[in-house]
Amino acid sequence: MKQNLQAIPTIDLQKCTGCMICAAVCPQHAIDGKDTWPTIPDVKLCTFCGKCEDLCPSGAIQVPFVIRWNLTH
Amino acid sequence: MIPANLLPANPFFSTMQPDTQAELNACLVLRRFTAGEIIQLEGDPCQWLGFVHSGVARVFKTSTAGREQVLTLLHAGSNFNLVPIMGADESNRASVRAESDLQVLMLEKGALVTMIQNHADFAIALLQDTAQRLDHLALMVSELSLKSVRSRLARFLIDQADGQAVQAGWTQDEIAAHLGTVRDVVGRILRAFMDEGLIARREGQLLLMDKNVLEDIAENG
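As you go down the protein sequences, you meet chains A and B in turn. Following our numbering, the numbering of the first sequence begins with 12 at its first residue and continues without gaps. Following our numbering, the numbering of the second sequence begins with 16 at its first residue and continues without gaps.
One chain only, chain B, in its complex shape (with noise of 0.2 Å):
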């Protein structure tokens, strides 16, 4: 049981059934996880769906040299383990770390087949969101696939000052882990663009200086 007035605050339930949101509140479980803190890890038996409530959570994959990709970052609404959960092999597919600190709402596997077979309006908005995801996965394989790395870059860094996915305090690690390549990579593609003079540094702040060259370079390498 988790108090009542956290539900119609989560973007993910605010709009669904009174009668919904009750059944939820009965079988929801509230944790809270410090910044850093690991939530789970990749080939753990996956026993239950995660909804964050407040804070943001990194997905990711590790390869065996010990290079991080990140597949998203969730932020209040997002739900995460829904394929494991629902699928034949029920292990975790992919990492998770709290980010910030963070409150996620979890909902085993008996109670969430029980909520999609009584539930319409909570079936529907997982389907939504699961449609979301495959867009972004479509979208990152194409990226990872077809796209040079500095085209990449340069849609990452458009993309943050834009102010899609904002975050401070980017380093060059992160930026790599986001992009599917390592920090020497991004740290020369960021020297030849401030050599092209297409991004300059300044106290703290990287600055875009030429959005039609990179929007050019994001598009067609």
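Isolated chain A, as found in the complex (with noise of 0.2 Å):
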């Protein structure tokens, strides 16, 4: 069992449009959407919020998660 995996969100280019609304929505702005596809340069800035995901059209952008209890109260 992998308990800290931080995966890193991915952007399938075959199914990406070009479309930017990722990049249009991005709260970080981690992902550049000046050049003709979009890309996440530095992966850091990136919170998993997972609105990318939740928008693209193509479902081109798959940001991983890991599914655990809230432990914090």
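Listed below are the simulated DSBU-like cross-link pairs for lysine-lysine, each with C-alpha atoms no more than 35 Å apart in a straight line:
| # | chain 1 | residue 1 | chain 2 | residue 2 |
| --- | --- | --- | --- | --- |
| 1 | A | 26 | B | 162 |
| 2 | B | 76 | B | 124 |
| 3 | A | 62 | B | 162 |
| 4 | A | 55 | A | 45 |
| 5 | B | 226 | A | 55 |
| 6 | A | 26 | A | 55 |
| 7 | B | 226 | A | 62 |
From chain B, some residues computed to sit far from chain A (all C-beta separations above 12 Å):
| # | residue |
| --- | --- |
| 8 | 26 |
| 9 | 31 |
| 10 | 85 |
| 11 | 108 |
| 12 | 128 |
| 13 | 155 |
Simulated from the structure, these hints should not be mistaken for laboratory data. It should be emphasised that the depicted structure is a prediction, and the values quoted were computed from it without experimental measurement. Glycine included, every Cβ here is placed at the ideal spot set by N, Cα and C.
Put the two chains together into one complex, using the hints given.
Following this line, the structure appears as structure tokens:
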């Protein structure tokens, strides 16, 4: 069991249409939309909020997560 | 012939009699697959019964539209292909792919029948495993036909968080394949759960915030 795996968001360029909605909705501006295709130049900026994945119309973005109980309270 | 130390380390074979293990040693073949490699395709002729020795394998069916339904994940000690190899129609019922680097012990049909005839402990272990698989499939059919995707997703999240079937790096696509739905639906329900305060996403984790409400949704929709 991998407890602390921080998986990296991925963009499947075979599915991506280059609409750049992901870059527009990213609250951290982690996605660079200036080129033909979106890229994530600095993954450390990503907070894994999942907004890009939710709004990508072609399902090209995957933001992996681990499922856990909230143990903070 | 496989190395003699393999079977005592495999959960399926480890409790079998020494003579059973010795005969299995002589007729099993070990094959290695790399992560992502296809082991077999649905519909192809089935020639052997497979036992996972190490790693994880995904058993799945694919629709003509390309949608994938995961039937189960196989870990060390699990087997696959018993139905086609013993049935009248000897074609693979599902596709199998290596989720990680994988070792599979393969047993051809002739050797399988001989083992069942000559070794009761082997036959009983196969029957017990088959009974468990039937239970699992009956539960899956019941959930797919009687419960909403919202209920199934709540149950899936609880099971994952409880550690009954832990996996790192879930994606909405992966969850959809396990629940028999599509990514958009999973995404919409996850967003609704977030809006209701039942889950939260933080730094690569999906945190379950309210067990009672999620359990209620899983049971009652």
